[in-house]
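With chain Y held as given, fit chain E onto it using these hints.
First to last, the protein sequences are chains Y and E. The first sequence begins at 26 in our numbering and counts up one residue at a time. The second sequence begins at 7 in our numbering and counts up one residue at a time.
To be clear, the hints were calculated from the coordinates, so they are not data collected in a lab. The structure displayed is predicted, hence computed values, not measured ones. Every residue gets a Cβ at the ideal spot worked out from N, C-alpha and C, and that includes glycine. There may be inaccurate statements among the hints.
Here are the computed distance ranges between Cβ atoms for each label pair [to be verified]:
1. E:Leu-476 - Y:Arg-169: 33 to 43 Å
2. E:Thr-442 - Y:Ser-83: 41 to 51 Å
3. E:Ala-300 - Y:Thr-165: 20 to 30 Å
4. E:Ala-462 - Y:Asn-476: 46 to 56 Å
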Amino acid sequence: MTVTALVLGPILIGLALYAVPRERVAIARIVAAAVTALTFALAVADPHAADASLHWLSRPFDASFHLGFGPVSYWIVLLLSLTTFGGVLAASGPRSRDIAAQLLILQGAMNGVFLAKDLLLFALFWDLMLIPVFLVLVGTPHARAGWKYLIYNLSGGLALLLATAAFGVVTGSTDVIGRPNVHLMIGEVWGTWIFAGFAFAFLVKTPVFPFHTWMPETYAELPPPVVAVVSAVQSKAGLYGFLAIVLPFLGVEAARAQTLMFVLGTIALIYGALAALAERDAKRVVAYSSLSHLGLILLAVFSGSVLAIQGAVVYMVAHGLFSAVLFLVLGGVEQREETRDVARLGGLGARNPKLAGALMLAALAALGLPGLAGFSGEILILTGVFHAGFVWPAIVALIAIVLASAYMLRLFQTIMNGPELPDLPERRDLTWTEALAVAPLVAGFVLLGVNPGPVVAVAERAAHVAVPGAVTFSHALNAAEDSRVVGSR
Amino acid sequence: MSSALGSYPVAADYVALLPAFLVAVVPLLLLFVDLFFRGQGAMRRGVAVGIGIAGLVAAGVILAEQYPHDYAAFGGAFVQGGFSIVFSEIVIVATVATLLLSVGVGRDDQVAGTTSLLLWSASGALLMAGAANLMSVFLGLELLSLALYCLCAMSPRRTARESALKYLILSSMASGFLLYGSALMFGATGSVAFAALATATVTPLLALGAGLFLVGIAFKLSLVPFHAWTPDVYEGAPLPVTAFMSIVTKAGTLAVLARFAYAALPSDHASAILAPLWVLAALSMLVGNLAALAQTDMKRLLAYSGIAQVGYIVTAFAGQTALGLRYAILYLAGYLFMNMGAFAVIALMARDGDAIVGLPRFAGLAYRRPWLAAAMTFFLIGLAGLPPTIGFTGKILILSTSVSAGYAWLAGILIAGTAISAYVYFKIVRTMFAQTDLAHVRDERSRNALPWVAVAVCAVATFALGLVPLTPSNVLPLVK
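Chain Y with its partners taken away, still in its complex shape:
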């Protein structure tokens, strides 16, 4: 019941919000914020909610409307409620009602992606979550970004669909997510093709070099509330897919693709960091930093080490929290100063201490300051990857993390520090609604940084789901050599 409500509730209420007159933005935002708060409360109150399952197809393969919490998805659902809450509160302007409605629909669809226990249902929500983002994008003056987003992600979605169909035909059932013990007979040939389809979809969505070109443009053009949610949660869908679907069921193929994924992840790490250093557009800086951070998570996922995968889960949540804050705060800056060109901004900190404080905290979390959430994830990932025997990738990742300090501090310093620029309009500091929007997220990454224990503990389960032969890997630290191989089916 809980899980069904988490998926259908936001979608239905989001659709109903269109009945609110366009001018009554306050009502739309309050309703939407209440709904997101409620979803958060619902998930917190009932962490062991029973699965909801309804039979769907029996031919050509078994499929069900099967929703339920998994070890990773529970945290993502919480993260999603928080970011959507922030996004709804931060929405401003004449299109706020539409944005609030689309955010709710997006929340419901993405809850569906993460809660789906059936592969076909997963694919359904995967495609569904494209639509609200596209509709928001086409309402902006830059249509190109909308097309790029749609064409890239839909190609991925269709590859996923074909792979799902093949998976269903070969194995006879798609109701498999979270059931790693099911022994599936996927032949050599089919396995390769199905893996290719899934991997393409997940790499595009994350995104990972070389499929990332839609991302900077999309992130730059989306309104801040929506980009906060997309960057915080939608980008995790691909990584989640690797963890929940590819590693458990296509372990052999994943192990074979390990080198390729490491190369792609490493390129994304370095390329993202360098591009973030060179970029002048504040939102694009964060976009490229995401590319870099998500590359790190990809390394962790494919390292086959339980520790690194635990780190990956922690870092997924952490990255969601701080990137949402970064985008919301930068959105606030853009709204005030009517530009997001770093070169034209400066000295805002003196007049906007609260805004500067929020940006500071998020930037510190992003660069991995100990005590904040970014650090807990990074250290687990680096240790895990290193222990698994991948010395060089770990060193490269370390370089990228050092670069992260450079671009994050540069971003903060050029916007907030320095002499005040005379030609910038003077506006109010962070309003209380904006503060309310980012407060839970900031609290989240501080708490997760101080005590990542609960997530780490749950993530261990996720890691054992992801890495078959859990017994071998439960002592991953002692058996570093074994963990080089991602696993066998």
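Relative to the frame of chain Y, chain E by itself:
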């Protein structure tokens, strides 16, 4: 079910034919009643369309009652069973929807005529659904087409006459192919019955005949490369007629194709004879979607989109699996609702229900007429194969069946075509949702609100079929 082979028809034969017969006779009643009206008036339109819909509904009910039974009438020339009944119901629903769209189109004194012609055309499609020999196929096809030639010209637009003439000439050519193929097959086997063809020894003559027959079918289905007539004819014809053609012609022809592919070919040679068909399907999915990219007129766009969608449906036949046939029918039903819904939206955007509606007319529709824009978006999402619609569910089912039948390459092309089509359909969505200066946009509204009924029914069906993909089980084409 026994029937009087070679002797006089018996009562049971007429029972099998009753629905098609009813649909063909109701227009006579309708025209007779229309004689009592003088001059113009909404009443006259209402009565004509009302009688037409009543006749169709009655036929639909009779068909539903016949569903559990199998009839082989007139010596096996006309076979009524699960297969033909499902196709027939699709034809009937599409025709009723067309009538809802056509109420406001044309002069008051023309409506009885157009309604009659639509019903006759539909009865042709009903014949095709049950046709089990080459003669009855041709009979149904000509009945369907002859009425359509007239209907295409039923508009004061000059392009309508062009459309009718083009359709007449090219469709006649297609019929020629079909007839020549039939003649060769008859020459090779000495029989026109599908059942006899299925057991015949394959000679080059038979293969050639089957090939020509398939060319004729491909013409009618507008599979690439036999598709060139479709956009021009669709563009010129009145809007409801275009909507009708886009579904009923396809349904009738697909029924013939399915019966031919599944039940009229010797099983050991069927895959060789049908192989070119899959290539045509692949071409249709690619070329149809690519050509649709450039279109700005809605009818032309939907014509090209229809070419691609038929490609998806024919893909399901690949390998001639029973499941594939069921999914083809399911997708056809889904296409009926998605496509008819889109046409109904367009009808609501033109004052007389039949104007040239170009893409610019959709500018800012989401801000002017949000309900209409929401409905259109939903239908386009469905046509693009995204959830939560039958477009999504139907596609995944077709993909699965073609993968399991060993036609993974065709599934790959289906995916590629769908990726291209996203741009086609979302171009319209973008136009509706983009911020534009509304001052220069022509905001026309249809006088007739009945298309709203079609929009609502189609939207509900598109959604519901997507969640509960009903696939009737006894649809294998029987040939007694």
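Taking the hints in turn, this is what the structure says about them:
1. At about 41 Å, the beta-carbon gap between E:Leu-476 and Y:Arg-169 stays in the expected band of 33 to 43 Å.
2. With their beta carbons about 47 Å apart, E:Thr-442 and Y:Ser-83 fall inside the hinted range of 41 to 51 Å.
3. At roughly 25 Å, the beta carbons of E:Ala-300 and Y:Thr-165 sit within the given window of 20 to 30 Å.
4. In this structure the supplied range 46 to 56 Å holds for E:Ala-462 paired with Y:Asn-476, their Cβ-Cβ distance being about 54 Å.
In this structure, every one of the numbered hints holds.
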